[in-house]
Amino acid sequence: MSSCAFSACTFHKTLKSHESMCNKPSYLKKSFVPADVSRVKMTWRNSMTWQQTGSRLQCGALNGKNNLCFLKGNTFQLDDVIEAQQFDREILSAIFEVAHEMETIEKTSRGNQLLKGYLMATLFYEPSTRTRLSFESAMKRLGGEVLTTENAREFSSAAKGETLEDTIRTVEGYSDIIVMRHFESGAARRAAMTANIPVINAGDGPGEHPTQALLDVYTIEREIGKLDGIKVGLVGDLANGRTVRSLAYLLSKFNDVKIYFVSPEVVKMKDDIKEYLTSKGIKWEESVDLMEVASKCDVVYQTRIQKERFGERIDLYNEARGRYIVDRNVLSVMQKHAVVMHPLPRLDEITVEVDEDPRAAYFRQAKNGLYIRMALLKLLLVGW
Amino acid sequence: MSSCAFSACTFHKTLKSHESMCNKPSYLKKSFVPADVSRVKMTWRNSMTWQQTGSRLQCGALNGKNNLCFLKGNTFQLDDVIEAQQFDREILSAIFEVAHEMETIEKTSRGNQLLKGYLMATLFYEPSTRTRLSFESAMKRLGGEVLTTENAREFSSAAKGETLEDTIRTVEGYSDIIVMRHFESGAARRAAMTANIPVINAGDGPGEHPTQALLDVYTIEREIGKLDGIKVGLVGDLANGRTVRSLAYLLSKFNDVKIYFVSPEVVKMKDDIKEYLTSKGIKWEESVDLMEVASKCDVVYQTRIQKERFGERIDLYNEARGRYIVDRNVLSVMQKHAVVMHPLPRLDEITVEVDEDPRAAYFRQAKNGLYIRMALLKLLLVGW
Amino acid sequence: MSSCAFSACTFHKTLKSHESMCNKPSYLKKSFVPADVSRVKMTWRNSMTWQQTGSRLQCGALNGKNNLCFLKGNTFQLDDVIEAQQFDREILSAIFEVAHEMETIEKTSRGNQLLKGYLMATLFYEPSTRTRLSFESAMKRLGGEVLTTENAREFSSAAKGETLEDTIRTVEGYSDIIVMRHFESGAARRAAMTANIPVINAGDGPGEHPTQALLDVYTIEREIGKLDGIKVGLVGDLANGRTVRSLAYLLSKFNDVKIYFVSPEVVKMKDDIKEYLTSKGIKWEESVDLMEVASKCDVVYQTRIQKERFGERIDLYNEARGRYIVDRNVLSVMQKHAVVMHPLPRLDEITVEVDEDPRAAYFRQAKNGLYIRMALLKLLLVGW
Numbered sequence: 001m002s003s004c005a006f007s008a009c010t011f012h013k014t015l016k017s018h019e020s021m022c023n024k025p026s027y028l029k030k031s032f033v034p035a036d037v038s039r040v041k042m043t044w045r046n047s048m049t050w051q052q053t054g055s056r057l058q059c060g061a062l063n064g065k066n067n068l069c070f071l072k073g074n075t076f077q078l079d080d081v082i083e084a085q086q087f088d089r090e091i092l093s094a095i096f097e098v099a100h101e102m103e104t105i106e107k108t109s110r111g112n113q114l115l116k117g118y119l120m121a122t123l124f125y126e127p128s129t130r131t132r133l134s135f136e137s138a139m140k141r142l143g144g145e146v147l148t149t150e151n152a153r154e155f156s157s158a159a160k161g162e163t164l165e166d167t168i169r170t171v172e173g174y175s176d177i178i179v180m181r182h183f184e185s186g187a188a189r190r191a192a193m194t195a196n197i198p199v200i201n202a203g204d205g206p207g208e209h210p211t212q213a214l215l216d217v218y219t220i221e222r223e224i225g226k227l228d229g230i231k232v233g234l235v236g237d238l239a240n241g242r243t244v245r246s247l248a249y250l251l252s253k254f255n256d257v258k259i260y261f262v263s264p265e266v267v268k269m270k271d272d273i274k275e276y277l278t279s280k281g282i283k284w285e286e287s288v289d290l291m292e293v294a295s296k297c298d299v300v301y302q303t304r305i306q307k308e309r310f311g312e313r314i315d316l317y318n319e320a321r322g323r324y325i326v327d328r329n330v331l332s333v334m335q336k337h338a339v340v341m342h343p344l345p346r347l348d349e350i351t352v353e354v355d356e357d358p359r360a361a362y363f364r365q366a367k368n369g370l371y372i373r374m375a376l377l378k379l380l381l382v383g384w
Numbered sequence: 001m002s003s004c005a006f007s008a009c010t011f012h013k014t015l016k017s018h019e020s021m022c023n024k025p026s027y028l029k030k031s032f033v034p035a036d037v038s039r040v041k042m043t044w045r046n047s048m049t050w051q052q053t054g055s056r057l058q059c060g061a062l063n064g065k066n067n068l069c070f071l072k073g074n075t076f077q078l079d080d081v082i083e084a085q086q087f088d089r090e091i092l093s094a095i096f097e098v099a100h101e102m103e104t105i106e107k108t109s110r111g112n113q114l115l116k117g118y119l120m121a122t123l124f125y126e127p128s129t130r131t132r133l134s135f136e137s138a139m140k141r142l143g144g145e146v147l148t149t150e151n152a153r154e155f156s157s158a159a160k161g162e163t164l165e166d167t168i169r170t171v172e173g174y175s176d177i178i179v180m181r182h183f184e185s186g187a188a189r190r191a192a193m194t195a196n197i198p199v200i201n202a203g204d205g206p207g208e209h210p211t212q213a214l215l216d217v218y219t220i221e222r223e224i225g226k227l228d229g230i231k232v233g234l235v236g237d238l239a240n241g242r243t244v245r246s247l248a249y250l251l252s253k254f255n256d257v258k259i260y261f262v263s264p265e266v267v268k269m270k271d272d273i274k275e276y277l278t279s280k281g282i283k284w285e286e287s288v289d290l291m292e293v294a295s296k297c298d299v300v301y302q303t304r305i306q307k308e309r310f311g312e313r314i315d316l317y318n319e320a321r322g323r324y325i326v327d328r329n330v331l332s333v334m335q336k337h338a339v340v341m342h343p344l345p346r347l348d349e350i351t352v353e354v355d356e357d358p359r360a361a362y363f364r365q366a367k368n369g370l371y372i373r374m375a376l377l378k379l380l381l382v383g384w
Numbered sequence: 001m002s003s004c005a006f007s008a009c010t011f012h013k014t015l016k017s018h019e020s021m022c023n024k025p026s027y028l029k030k031s032f033v034p035a036d037v038s039r040v041k042m043t044w045r046n047s048m049t050w051q052q053t054g055s056r057l058q059c060g061a062l063n064g065k066n067n068l069c070f071l072k073g074n075t076f077q078l079d080d081v082i083e084a085q086q087f088d089r090e091i092l093s094a095i096f097e098v099a100h101e102m103e104t105i106e107k108t109s110r111g112n113q114l115l116k117g118y119l120m121a122t123l124f125y126e127p128s129t130r131t132r133l134s135f136e137s138a139m140k141r142l143g144g145e146v147l148t149t150e151n152a153r154e155f156s157s158a159a160k161g162e163t164l165e166d167t168i169r170t171v172e173g174y175s176d177i178i179v180m181r182h183f184e185s186g187a188a189r190r191a192a193m194t195a196n197i198p199v200i201n202a203g204d205g206p207g208e209h210p211t212q213a214l215l216d217v218y219t220i221e222r223e224i225g226k227l228d229g230i231k232v233g234l235v236g237d238l239a240n241g242r243t244v245r246s247l248a249y250l251l252s253k254f255n256d257v258k259i260y261f262v263s264p265e266v267v268k269m270k271d272d273i274k275e276y277l278t279s280k281g282i283k284w285e286e287s288v289d290l291m292e293v294a295s296k297c298d299v300v301y302q303t304r305i306q307k308e309r310f311g312e313r314i315d316l317y318n319e320a321r322g323r324y325i326v327d328r329n330v331l332s333v334m335q336k337h338a339v340v341m342h343p344l345p346r347l348d349e350i351t352v353e354v355d356e357d358p359r360a361a362y363f364r365q366a367k368n369g370l371y372i373r374m375a376l377l378k379l380l381l382v383g384w
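Chains as they are written, first to last, in the numbering used here: chain E, 1 to 384; chain Z, 1 to 384; chain H, 1 to 384.
Everything labelled a hint here was simulated from the structure, so no lab data went into it. All values derive from a computational prediction rather than experimental measurement. Any given hint could turn out to be false.
Since the list can't tell identical chains apart, any single copy or any two copies may satisfy a pair.
As the list claims (entries may be wrong) - As a list, the in silico DSS-like pairs of lysine-lysine whose alpha-carbon atoms are at most 25 angstroms apart:
no., residue 1, residue 2
1, Lys160, Lys270
2, Lys367, Lys160
3, Lys160, Lys226
4, Lys307, Lys160
5, Lys268, Lys160
6, Lys268, Lys116
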């Protein structure tokens, strides 16, 4: 068992004043800007320096009502949602607060009209019914409207050959926000750099799927009650799953976190993430003993072994697939407050007998995706 | 000509009090339950005895406002719509009354908001544009919203392999009611047993298509003015059409009905339905003379000979197809008050010259599908 | 360089009184008709003489409020939008006025409810995401609702074989207006003759795409400020593009217009349009010199060379494709007030460097499609 344990490094360094918040040249899409902050705004959208940036969050007041907040240095503006890395601890916390408000709205305020008159285009270059329905439900639960396409490839079919940028320029004329699923890594960023309306990345190929990462962290906070000091076991396909990679990344922003990697040899977590965690002072371990890990963790995060990654090596797939199953035995060693999570869809890596245990959090996790997406739509369209 | 004639048996035996109504252990999804009926509620959703039941209608008051009705013993609660057999004469009558109200709403009350804030998911595992549009129109005519998918198979694609149950648990988090079309018989029942929100079966393979059955019976009542004592000729493909089978089943619930079967030899009505009708005291006849039958009937219910059922025997198909055509000659012997019905789509089994005759009821019948679906959505979402 | 120059003929001959407006027997779908005009209404929908007509615009008052306008002879009623030829100068002008109002609504009146309670069915027999999203956005920007299908072919699949007419009779029961895209020329007209609700042709095969033609003319008026006396260069594939053919047709309705045709030899403008223009007294020229034409024109209307039209002759395609490119050089000779237009999608016939020039009007043109469609939906559903 290899091990790597440092004391947790600190976070929460930036964002003390709007000057430090705004060390990134940025472009405010929203029209109202208080005079006293206008000097910090520059265009990054066509800037070649943009790629090297960390956070792309905007500082700036959304409108007059929020001036006070802005002056206190704790109001942000979200322009686009492109990758998990754009969020730091403060912004995560702020988003989660809004997500929690959305939960209340969804449960008690049928026919809410917060986004009435707003139009979301779901521009899907490959089908992802689960993600699309989640976004569309989020929009409609807040009174917004939706334009749907699941065959956006038709825009740029071989014979026609339209660029993504041209498609975006057309679609932004028809809608107020674009939720895009694409098969190419980096497509969401290109779309965001083109569009004058907000863009949300709903997955771009092997690249990012930031709303999944957000809902995972939100679920941990809602289920466990905290993010500092938690122990998380990541189980299954850690090599190919962007979900677990993004989750590990986001967890590194919190204090005193411990991560356990439990995976078949062929799909182990890659070195880049391990090195990143180490550099951030996050303790991590690799283990082959799911039972032992399950007994220690607050969260057992199971993932599906993706058959499509194994090509013709069905033998390797079958070996990997049966290796770590979350079943009643695993439940029996887990702590009472701990939970089982899974990004879904599930095959048989969690047995159905687990479903009825209150610690089975995966369907609540899916539901949290709705609240996170409601929160993001609200924040991108009408602000904090 | 074979013949089977009994005097009609009686119906209308149950539903005299809520005790007799509720002989089925049941689970009320709706949250409010008056104290005095709480004792009759048990869970059937996970019960293995469920399959053998007849009616799955719920008794129970929907909310305080309906207490009075409930106490009078004539208020039901509808949880799911899974199969034609779940409806008895009383519930049919009650649904038809609501459908008639829906007709008034659709014609006079543009922008009705009865279902404002409710979200329907149309989860179609195979495309059925006609049925889907009808449901979506019904929802929107009442101010409700819709999440659409016609490629629900993508949820459970080969590589992913999600179960229907898991899909339902996810989708129920995004919506208030699920309208499902599936390619497997029994799928709707499995969905309903999983979901904590209402499920409507919009056709499950060779199984059931209950809203079609309801709209057929509703159309007969609207066109002829009664259901007791009517004569109905079922024409065409009686072996494969679930429509005519369900219709025969539902007609057996009424008094003094006479059914004529007119079909090519290869697609005759199967014995199970004939035996069922006989057991219920329903008079039926087989005939090869469409003209004679047409002259006697209140309803000539024509169906399409389904080419896809004949495989490579195109010869048999062509023979069957041309055998019984409803044309001007048939119209000429029909009574003045009688009507021609058809579930659509039509090929050439009704000639277009028939369309202009006021007795051609098939497009009105399609429109009635809208009213029936509006009624069911209303009943499942906000109650009677 | 061939040349054909007449003095412009006059237009504006009809529509001086409602009697001359209504020289076409017609059927008013709308229910209210002032007594004094009822005599001019006859049914054309089932009339075989209909095909030979020019204008299919209706005269008639929409409702009591508009009586005054009607009596002045300048109120029309629009029943269907089937082909560019149905519009004359007056009706174009009236539609453009409404489109301009729609622009104001879209920019300033979020959540407009002008079409609240109206339901549009987008019945697409072939996918055209761009056109569909534009119509659906138009409907939703005015508070209307949408039923979508992009696989309308499923209605009339091989096995089922339903006629377009039967499909229309079904869909009109579910909606208030039908926007149809079809693969067969003439399909929209057949649909309009069947339907008792308005039909908009969103493209029928090689036939018509009238809303594109309208948005093109509207864009010229908005960008140049006038339509009389303008010079327009049509560039690219003039043989296959229905866009440029319709545009040439509509421009012939204005005074003192001059049209330049600039195209590779293999895709030259066909004689029928040239003869038509000549017959209408419209001056036109063919030219091989894009630079010279660009320097003279108010509008350079570039089009895509459609690869799919060349079959296996890739050599011809490649030769045609590179022949006339709008780039910085072309821009440099264009007048300051002139604009570049393109129906989109664009390949490389306009270089991306042109995009940032204020004279690049093609994305504004796409946006104008939204305003034109909002205007048409408004006019067809609630009248002037």
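Each hint tested on the structure:
For a Cα distance limit of 25 angstroms, the shortest separation of Lys160 from Lys270 across copies, 23 angstroms, qualifies, whereas the shortest one inside one copy, 39 angstroms, does not. Taking identical chains as interchangeable, the C-alpha atoms of Lys367 and Lys160 lie at most 25 angstroms apart only when they sit on different chains, with a minimum of 20 angstroms there against 39 angstroms within one chain. Neither within a single protomer nor between protomers do Lys160 and Lys226 lie at most 25 angstroms apart by alpha-carbon distance, with minima of 51 angstroms and 32 angstroms respectively. In this assembly of identical chains, the alpha carbons of Lys307 and Lys160 lie at most 25 angstroms apart only when taken from different copies (8 angstroms versus 34 angstroms within one copy).
Proximity of Lys268 to Lys160 under the C-alpha cut-off of 25 angstroms is restricted to the inter-copy arrangement: shortest distance 20 angstroms between copies versus 42 angstroms within a copy. Within a single copy, Lys268 and Lys116 get their C-alpha atoms no closer than 46 angstroms, and across copies no closer than 49 angstroms, so neither meets the 25 angstroms cut-off.
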